[in-house]
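**Q** Line order of the protein sequences matches chains A and B. Per our numbering, residue 197 is the first one in the first sequence, and the count goes up by one each step. Per our numbering, residue 7 is the first one in the second sequence, and the count goes up by one each step.
These are computed hints drawn from the structure, not numbers from a lab. The structure presented is a predicted model; accordingly, all values stated were derived computationally and were not measured. Note that beta-carbon positions come from the ideal geometry of N, C-alpha and C, so glycine has one too. Hints are not guaranteed to be accurate.
Unchecked claim - In the DSS-like style, the derived pairs of lysine-lysine whose C-alpha atoms are separated by at most 27 Å in a straight line are:
1) Lys424(B) - Lys458(B)
2) Lys209(A) - Lys94(B)
3) Lys59(B) - Lys370(A)
4) Lys56(B) - Lys252(A)
5) Lys203(A) - Lys94(B)
6) Lys80(B) - Lys209(A)
7) Lys223(A) - Lys457(B)
8) Lys203(A) - Lys83(B)
9) Lys447(B) - Lys252(A)
10) Lys209(A) - Lys300(B)
11) Lys203(A) - Lys447(B)
12) Lys203(B) - Lys203(A)
13) Lys424(B) - Lys457(B)
14) Lys223(A) - Lys94(B)
15) Lys59(B) - Lys245(A)
16) Lys491(B) - Lys447(B)
17) Lys83(B) - Lys252(A)
18) Lys56(B) - Lys370(A)
19) Lys447(B) - Lys458(B)
20) Lys458(B) - Lys370(A)
21) Lys308(B) - Lys223(A)
22) Lys122(B) - Lys245(A)
23) Lys203(B) - Lys370(A)
As the list claims (entries may be wrong) - Estimated spans, in silico, between C-beta atoms of each pair:
24) Asp72(B) - Gln367(A): 23 to 33 Å
25) Phe388(B) - Gly213(A): 45 to 55 Å
26) Gln44(B) - Arg216(A): 55 to 65 Å
27) Asn292(A) - Ser302(B): 44 to 54 Å
28) Arg210(A) - Thr146(B): 50 to 60 Å
29) Trp488(B) - Gly213(A): 33 to 43 Å
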Amino acid sequence: MLSPRTKILQSVKRGLGRNREDQDIDKAFAELISHPVSKPALDSEDVLKRFITHAKISSANVFSFKSLSDAMDHLTEELQSQSVTPNIVHSPSADNFIGLNPDLPISAEISSENCWGICQAWAAIAETGTVVSTTHDNSAGLLFLVERLIMIVYAKDILAAQEDVWRAMRQRFKNTLPRTINLITGPSRTADVEQTLQLGAHGPRRVDYFIILEKTVGSRR
Amino acid sequence: MTEDAIDQTTTPANRIPLQSIDFNSLAHNALQDEELQQALNKARSGFVDKRLKAIGAVEDFEHLRDLATDVRQKTLKNLDIYLHYFEKQVIEHGGHVHWAKTPEDMRNIVIDICQKAFAKKVAKGKSMVGEEVLLNEALTTAGIQPVETDLGEYIIQLAKEKPSHIVAPALHKTRGQIKELFEQAHKLGPRALDEVKDIVDEARKILRQEFLSADLGITGANMLIAETGTAVVVTNEGNGDLSATLPSSHIVTASIDKIVPTWEDASAVLRVLARSATGQPITAYTSFFNGPRKSSDHDGPKNFHIVLLDNRRSELLGSEYQEMLQCIRCGACMNHCPVYQAVGGHTYHSVYPGPMGAVLSPLLFHEEKSQNYLQLANASTFCGRCEAVCPVRIPLPSLMRRLRNQQQQEGDAGKMAKLFIKIFCLLAGQPRLYRRVCQLKLRLLRLFTGKKARFATIWGMRGWTNYRDFPAPPTATFQAQWQTKQRGNKNA
């Protein structure tokens, strides 16, 4: 009795008019694939400007700072103006940032209300105003469970298009990819009720990108 | 889908009483349904306008369509190699691949995984393949509670209905109907639920608890990347990610045609998918799941399963319907279809409605159920809008035409339709007779119209004139008018 796997693959081969079994699947695959530059032509000179424009279109809030400490000054000032102090959770990727202010109301657990999450993006994509996170750097759960997500994005890590990120991904991770690579573009949303757009479905209601312009620092390795 | 239809898939084919799915009757009911028409009116221009705006913002959307079409076509040409390599990658990275030839295979595989994981509650992200195989019903029968977490899917789960659109499953529901469903299901006492924000906030609160307490997560996949054994999930709500991340096991249910070769190929498809579906350059979340959690990951499930469904798709390869496998489930075709816009998705009586459903439903479900799915190929005016907007250039009207031929050959076309076609074939084969008959017909019709420009009613054609006037015929046939004009030109 043939297994479903054999039946399916045989049926596929029959449809394609293929009789032979591929002995070396790695070789057969390698011969087929190529990495064509299929992305649309993009102005790579001003990735920062393009990133900011598209991020704002996706309803993310974008702030640019000369340095990480400037970003912390901004956050500290904002916290002082809150009528209810939020819980702040963070990923180890944001340790450098968090360490700049030992008085931050850091929590070990994510609460369902009034919880801010702070992470550092591994990369960002100018084409769509998207930030890229991996589970090697951040908890995927944190990205989705908090009410407000703050992503620290180094300007040096903003790339023009998705394909540039995939190239960097192969260089960094080689054959062992992280469990998840998340592309995040603005807050969560739904239009399932009468096609009316509403921000804040199951993920964060608000997403902020803190862009650090300091040129000598970045996260991609 | 009714309870009877559910029975059809769990009962052996030779004991299923043939159910008559009559599109015309269902369409008639849909046109009389005021709440449905109200919901469809709200959706009608939204999808179309948003798509137009999104594609207008890119320099050359046609080039993006070409790139995506190329990816889908080249993948199908070597699907066996890509499937085999995909499986190898998943296994090498610690995941499991299960192969399901039939819907029953898929149901059994998923239930088996759930039972081995001692799962009592499952958080589900949207999966059209899961709908196709009636997975929720099977899970419930096996004592496992599936909780739909996509807001649209959650709404129709509460309503005990099937999705009416492949991207917006609750498109047929009004705000008032959703409010009623929530009041009955959640029992939270008197509260404000009139605004969209109130409804979404309540769903967020209720489903957050489900995410946190689910034993296992099941999602679909928009694509499967052969290069690395990756499942790609595209959402706006974040429910797919929460379902795939928080529980200790993640099952991905996907059909074999979801494969793309590389990450670059995935990008080519992503560029047209969100623009065509929801009018966005990219959705809020595009997530790539590469296997189970490793020690270097901060979180994620320890178990990763991909369940691949065939359900006759392999038989479409090499056939005249192969192009249908290029579909990326964006929903653009149904958003632009005048038939779908008028009657909604439930009229098609299939998990796949609209133009893509009119082709795919008879191909997937032809032999197991009654032959009635072939009739869906007639739910089209052949206006061509579906093909014009399809991001991967599927020639949907041509495929529907082939299915109509098949319906004729299988003897399933209506008697009147067959008679009219026979008469037309007879006339069309004799041009002189054709012209004489047309001229006679015009003279007869002019006796009734007199000076009227249009008919408000015509006996025997109420299906048309109930909703629109019929133009009065001209004084002469086109050919007669042409000949007169040619004679006039010669004399001048």
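**Q** What are the numbers of the hints that this structure violates, sorted from low to high?
**A** 1, 3, 7, 9, 10, 11, 12, 13, 17, 18, 20, 21, 22, 23, 25, 27, 28 and 29
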